[in-house]
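**Student:** Single-letter residue listing:
2 protein chains.
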Amino acid sequence: MHSDLFLVLLYFFFFFEIHTIFLHCGITMLGMIWVRACSALVGFRAPTCVRSLHSFPGITVAQIDEEVAKLLALKAQLGDDGKTQFVLKTPKGTRDYNPKQMAIREKVFNTIIRCFKRHGAETIDTPVFELKETLTGKYGEDSKLIYDLKDQGGELLSLRYDLTVPFARYLAMNKITNIKRYHIAKVYRRDNPAMTRGRYREFYQCDFDIAGQYDAMIPDAECLKIVHEILNELDLGDFRIKVNDRRILDGMFAVCGVPDDKFRTICSTVDKLDKMSWEDVKKEMVNEKGLSEEAADQIGEYVSMQGGMDLAERLLQDHKMSQSKQACAGLSDIKLLFKYLQLFHVTDKVVFDLSLARGLDYYTGVIYEAVLTQAKESVSVGSVAGGGRYDGLVGMFDPKGRRVPCVGVSIGIERIFSIMEQKASPEKVRTTEVQIMVASAQKNLLEERLQLISELWNAGIKAEVMYKKNPKLLSQLQYCEEAGIPLVAILGEQELKDGVVKLRVVATREEVDISRADLISEIKRRTEA
Amino acid sequence: MHSDLFLVLLYFFFFFEIHTIFLHCGITMLGMIWVRACSALVGFRAPTCVRSLHSFPGITVAQIDEEVAKLLALKAQLGDDGKTQFVLKTPKGTRDYNPKQMAIREKVFNTIIRCFKRHGAETIDTPVFELKETLTGKYGEDSKLIYDLKDQGGELLSLRYDLTVPFARYLAMNKITNIKRYHIAKVYRRDNPAMTRGRYREFYQCDFDIAGQYDAMIPDAECLKIVHEILNELDLGDFRIKVNDRRILDGMFAVCGVPDDKFRTICSTVDKLDKMSWEDVKKEMVNEKGLSEEAADQIGEYVSMQGGMDLAERLLQDHKMSQSKQACAGLSDIKLLFKYLQLFHVTDKVVFDLSLARGLDYYTGVIYEAVLTQAKESVSVGSVAGGGRYDGLVGMFDPKGRRVPCVGVSIGIERIFSIMEQKASPEKVRTTEVQIMVASAQKNLLEERLQLISELWNAGIKAEVMYKKNPKLLSQLQYCEEAGIPLVAILGEQELKDGVVKLRVVATREEVDISRADLISEIKRRTEA
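Read top to bottom, the protein sequences are chains A and B.
If you count the first sequence from 1, position 102 lands on 118 in the numbering used here, and the numbers rise without skipping.
If you count the second sequence from 1, position 509 lands on 525 in the numbering used here, and the numbers rise without skipping.
Keep in mind that the hints are not guaranteed to be accurate.
No copy labels: a pair is met if it fits in one copy or bridges any two.
Mimicking DSBU-like on lysine-lysine, the simulated pairs with C-alpha atoms at most 30 Å apart in a straight line are [to be verified]:
no.	residue 1	residue 2
1	485	133
2	166	444
3	341	108
4	439	108
5	160	540
6	351	540
Bear in mind the hints are in silico, worked out from the structure with no lab data behind them.
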């Protein structure tokens, strides 16, 4: 009998073009589900559906009125004529890059890629989406931020959340046990965007990872050396690289009395120490996560500790910490790491910090995070690089569980862009590399201009011509000034007769006739300096 | 009373972990909808739900048995222990790129980008997904191939289908009326993949477009010049660039008696002439699209025509074609285009071909497509570049409908990769640029190796070291041969004492002692030649 209600609702749905309305309110799925629910019902129990629309036992006229009112309200939002108001924007949390931003981005990428290549890394690429199950169970509490694709028939897919899980999938799938690779690509997180601080839902990651069974801490130290090189070269101001170890954290949790099954969730809470005060972190541990006050206080003591190799040595002697084998293994590795970092001359920027947790589930050993210490523009951009060791992830993908130890680092490129953009003075950023404009002072010389520019292009010269039959010389020169084009090749009747081109230097307005035969070498000579 | 059936089904759902089962059969949505339908029912009419599970009027035990049997069959597919069989693969129609493929890809991209920059193009980037409504109504019959994202609350999103529509959206949104830009990025189509022929669901597009109100055919001619330059430089063998004009097609349809509302669908059919015989195309027009046999035959005559400027001139005199103003406008522009192409010396590769249609809805003027004419490896790769003029697209996004005329070209990079991959001999492709390996012949020199390589990195030398405390010299040298590293810096007790490094040329096995002070300049001298 209640299928009648559905029929009534269906009636309203179509009357008010409910599908369109829902579409624009972002709740189509709801509409779809209702409609499908109805058809499912109708299909499944067709015999009982043949009832009069005039009897609705179980629902009231008031309920229907209410539904109708809601739908009319939705309709009203669409405007008088019911026409859709077209929204001209990029999706929430995303942005376009204009040519000036791209020029800055290209510069930053080149610096980073140069560093990765200097360290002998190859590069790979993976699809932007993975099978949904590939990503399942890899990100802990952050899994809710994964973008799923709509099921349009076929496989269930999700947009990649980082480049690390696809990398591990790639290694397992291709049975690769040794590789040093970088991967620069976009990843997707349905997070609350904070775009002014460079936090987007679509953003680039620049990852460098070393996979393979090697002697302890050598590849790990190289990752930190890479962070140090990149942040130095990008000249973003002073920075610190915090290091810690998952085994130290887990050992600390154990000796502080955290139950085994709460390690990960307590670790997530500790991870918030860079954004929250200890008081609030403690409150979350005790009130939300159900940790004892005593355990929380003991954790509080440890996570306030910072130092270098000396702190690792001291904690190895700590009566409580030294009870954990795990913690001791982590502390010994931190000591070794600092030894190698000394050889690389980077210990001035590195600090062993027990409050560093990093939220992701897959880390198994050393972890690190770089932060800028000169808060420019009063806005903190948070961490600009981070990573660690994840020895178990590849094994999660291997049918036989074979382990491929990995360590890597991810450069937080979007935050770096935000800073670089603020630093760059927009008028000074050139967005093209054009060397010369082919211009004319007189009318009816389009064909001659096209012929000349074709010669220049064929000789590898970067050149532009205005797409007008008869452009004014002034507008051609103005274009050069705006675009930063250094040279102009001016054609006129006289020049054509003499077999020359008038070469003009935009900055000095100096002009000189150059024979057509010498033009290309002259342009190269003047612009390659 | 029928809610009872749902409760029973719900019971089975949970008993058999139906969600997991459905997940792996790719029909989760169905499961979700059923469950939600049930909860909707339960929520809405709670009072009527309080019934005994033992009475099911309206359904039979046979129906339940049938459902149970289906579920058990699904369960059986998951294996004996009910554990999920993990699938290690990339999504259908996608692939990873390994380092060798990436090295080839980088080379191809560099050639293409060099060409775009030579022509003065800036670059932009847009998000990988757009609001669904941004893509709606732009792709004609191909719209069904768009990937939608799941509605997870918020905006309805779709993966971009090409780079042209996002470009038009970008121009309208930023009120840009003049720009010459290239954009290299991945696009997504839920097509039937033909991966051996380089056809994927995720693939790169390399687009170059010129937006702005200019004199006729000048930017259009530059686009064809660019295709010519790129295909020449990539050295893929001989090629042809077919050109036509949407106005000529539409005029031809009109004078052949195609009804106005069938222009687009008939155009899609004509577009298949590169894959289907005329007979099959005609059959589709007449049988599926309802065109008269007479009209189809008249079209058949025109679409068999190929030529150059002469053909355009002849058709301007054609008694039927000349009746269409549109066709005449298109034919005059083709004539002008050929005039400019002669100045660029590229007419040898360009052919005016009336069978070229191109499926996309947004083209308004000249269209073109490049095909390789030397079918290598007996497999046809189809078109390797295509594009055209789309003067109306930006206006579709502008609230006031302001038009920004555009013309552009897209390089079919995946097909080009397929050919380049077949051409490249894999052993010759270097995947890194490493200049030198820091090695040692004796034990216990890890620290000295790390110190030296750090110096090299800081001097900008691309260098590697093995991540072992005591690697064998032989394995270090073997690594160099495999990776194509030309030099080795060998450290030993004696060299350390003498303040030198033994520099070994891998290819010749020649060794020479170089003082530490001269090492960096010596490496640069030997590798920058």
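**Student:** Which of the numbered hints above does this structure break?
**Tutor:** Violated: hints 2, 3, 5, 6.
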